[in-house]
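2 protein chains.
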Amino acid sequence: MKRIAIGQAGGPTAVINTSLAGFIENLPGNTELYTVENGYEGLAESKIQKADRKRIQKILDAKYDSGACLGSGRYEFTEDKMVQAVKNLKAYGVDSLAFIGGNGTMAALEKMEEIARAEGMDLQVIGIPKTVDNDLGMTDHAPGFASAARHVAYSVRDIGRDLESMRNFEKVRILETMGRNAGWLAAAAGALMEEEKCIICLPEQKISLKSMADEVRERLKSQETLVVVVSEGVEWDGANPISQAIIGGRVVLGGAATYLQETLRAKLGMFVRSENLGISQRALSLSVSETDRQEAYLVGAKAAKLLEENISRKMVCIERESNIRYNVHIGSCDLQKVKDAGERTMPLEFIRDRRKFYEWLKPLI
Amino acid sequence: MKRIAIGQAGGPTAVINTSLAGFIENLPGNTELYTVENGYEGLAESKIQKADRKRIQKILDAKYDSGACLGSGRYEFTEDKMVQAVKNLKAYGVDSLAFIGGNGTMAALEKMEEIARAEGMDLQVIGIPKTVDNDLGMTDHAPGFASAARHVAYSVRDIGRDLESMRNFEKVRILETMGRNAGWLAAAAGALMEEEKCIICLPEQKISLKSMADEVRERLKSQETLVVVVSEGVEWDGANPISQAIIGGRVVLGGAATYLQETLRAKLGMFVRSENLGISQRALSLSVSETDRQEAYLVGAKAAKLLEENISRKMVCIERESNIRYNVHIGSCDLQKVKDAGERTMPLEFIRDRRKFYEWLKPLI
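Listed in order, the protein sequences are those of chains A and B. According to the working numbering, the first sequence holds residues 1 to 365 in order. According to the working numbering, the second sequence holds residues 1 to 365 in order.
Any given hint could turn out to be false.
Chain copies aren't distinguished; within one or between two, either way the pair holds.
[What the hints assert, rightly or not] Simulated pairs of lysine-lysine, DSS-like, Cα-Cα distance not exceeding 27 Å:
(1) Lys47 x Lys197
(2) Lys197 x Lys63
(3) Lys63 x Lys362
(4) Lys171 x Lys47
(5) Lys171 x Lys63
(6) Lys47 x Lys221
(7) Lys54 x Lys305
(8) Lys197 x Lys58
(9) Lys197 x Lys210
(10) Lys210 x Lys221
(11) Lys221 x Lys58
(12) Lys171 x Lys58
(13) Lys305 x Lys2
Rather than coming from a laboratory, the hints here were simulated on the basis of the structure.
Please model the complete structure; the sequences and the hints are all you need to start from.
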């Protein structure tokens, strides 16, 4: 009999509970399931509970709900805390741990396995990928991204159309997206609109406020309205001027668009408004991509299979087999390789040729 | 042969082009159609053009697109400008004018008819209702509101679920909605979530920042997270502290939530973020309510019928015939009565008993 613990970490996505359901519904029969509350915090502070039938039903009922139904959150998961986490898992007799998360989660799983091994404990670990930022390596993309990208693409196109019809009132709208150091989500903004109607600022690019003001001025000579999309991680003139706070060791971004708004108001002397697309990017159930929903379920199910096969130290990954007729294989890769790959930003190929990126993106949204 | 002009005014909705299509597709055969660009501006500055078959097709292709495809916008439509507008319509030989808009549009149509009559011109005018704020009188609700309310209800519920799963990171999220002086949209925020998880601040209520801070502190004693929804028109302690600009005689609101955020940060000493639900409320096509889409089409079609029947000085209105099995009749009412009714805020009955409001709202979203 396996004792398996499952948790969710980091910012939720609109499909993170679908992965959880995929995992639970495909566990082998002879299993005891434990749920971890509030992500790493639950591991370190032993907020672990055996899931009875009623609790499992409640989790499965949340299959299509936004938010992480086990509780996720932010938590500074230091090595000391990981040592404690391994002790806590041992106390519950847990021998297998699956976690749904991003880069931090994959690194933590590997580290915990190492700690456990050093103490003579055999801890099987499997990572289930999740990120709206799409900054996880070793997978074509991660569940959560497609729905967020779909939300961004539709929102920016529709807000652009709204702006166009209000052209006698305002000409420029600045929209801020999520993405931290990776421009995937910001770049998705242009997927459904004409290229000239939208300037996109990626964190992968060096951009100065002056050049941006010049470009806006120039574009408005030949067109009536313009949407400027700014990734939250953009460093104007080499520095991100605004972070809202630092909590649990994590910088809360926000304000890159406001900063550009103030600059354009001052430099162009025109009324410009900015808007943050906000938490809806990762949360709005109305924006969920059907592809994302299906894949989220499948990666959860695959994690259950890997546990059954006694495979460890792997992350489930999505391998794109064909783009012409979109088709994926759900595979797995070493956690070590995910760590080595590091934070995955937009490849130069996609930055240089936006159309290539949109070809890649279209089946997802 | 009738010469009919049609225009769109004010902030667009996600279904304003559906009303336009409903109007055009139901015009009598023997009609010449003229389109007015950028709302009142087009009337005053004679941006009026005869719509040929190709142009009509282009408009119909935009039937489900966000934004106002004729161009809408803001414009200070003074009496002098209206006199000019009537002259311009006369110059094109236009004898019938239909406009899709809100309270301002209905008043302007009536006034233009009066001006025309004083000059011996017989100008037939019909108003097609449209507003996301739902502040138009003499109609059960106006097209555009239902989709915006649906967007707000789902967004707030989903952001609330996201917040709940991030409870070890932040406890309170403040969300700002549209609505100006009417609380309909803000109130819609609670339609899909448990009452205790959400405080809603309506412009119809007197609210002090201190009492709000106290209530948030009190609620957090018995629950982990809390969403506070603030209508953009809320007057903290009797004054709306922030307006972004005044353009075309219209105050651009925005900042009521930021103001509360700063207050809560100072008074409760906790990390609180606010977010404006933004233009997506009126624009996001993914959020469109099917009921709204159908009704938007029908009010447009009804306007065409009224023109055919030589009826004038009326606004199309939606009369709810049954709430048990939702059913509406598309009727009409005097423009004069719409004007007399004034800006329609939330009735006391709905403010006092939120459940009654949600019963009324449910079939719309």
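Hint check results:
{"no.": "1", "hint": "Lys47 x Lys197", "verdict": "between (50 Å within a copy, 23 Å between copies)"}
{"no.": "2", "hint": "Lys197 x Lys63", "verdict": "between (38 Å within a copy, 21 Å between copies)"}
{"no.": "3", "hint": "Lys63 x Lys362", "verdict": "both (25 Å within a copy, 23 Å between copies)"}
{"no.": "4", "hint": "Lys171 x Lys47", "verdict": "between (52 Å within a copy, 19 Å between copies)"}
{"no.": "5", "hint": "Lys171 x Lys63", "verdict": "between (42 Å within a copy, 24 Å between copies)"}
{"no.": "6", "hint": "Lys47 x Lys221", "verdict": "between (60 Å within a copy, 21 Å between copies)"}
{"no.": "7", "hint": "Lys54 x Lys305", "verdict": "within (23 Å within a copy, 58 Å between copies)"}
{"no.": "8", "hint": "Lys197 x Lys58", "verdict": "between (45 Å within a copy, 19 Å between copies)"}
{"no.": "9", "hint": "Lys197 x Lys210", "verdict": "within (20 Å within a copy, 44 Å between copies)"}
{"no.": "10", "hint": "Lys210 x Lys221", "verdict": "within (17 Å within a copy, 48 Å between copies)"}
{"no.": "11", "hint": "Lys221 x Lys58", "verdict": "between (57 Å within a copy, 25 Å between copies)"}
{"no.": "12", "hint": "Lys171 x Lys58", "verdict": "between (48 Å within a copy, 23 Å between copies)"}
{"no.": "13", "hint": "Lys305 x Lys2", "verdict": "within (13 Å within a copy, 71 Å between copies)"}
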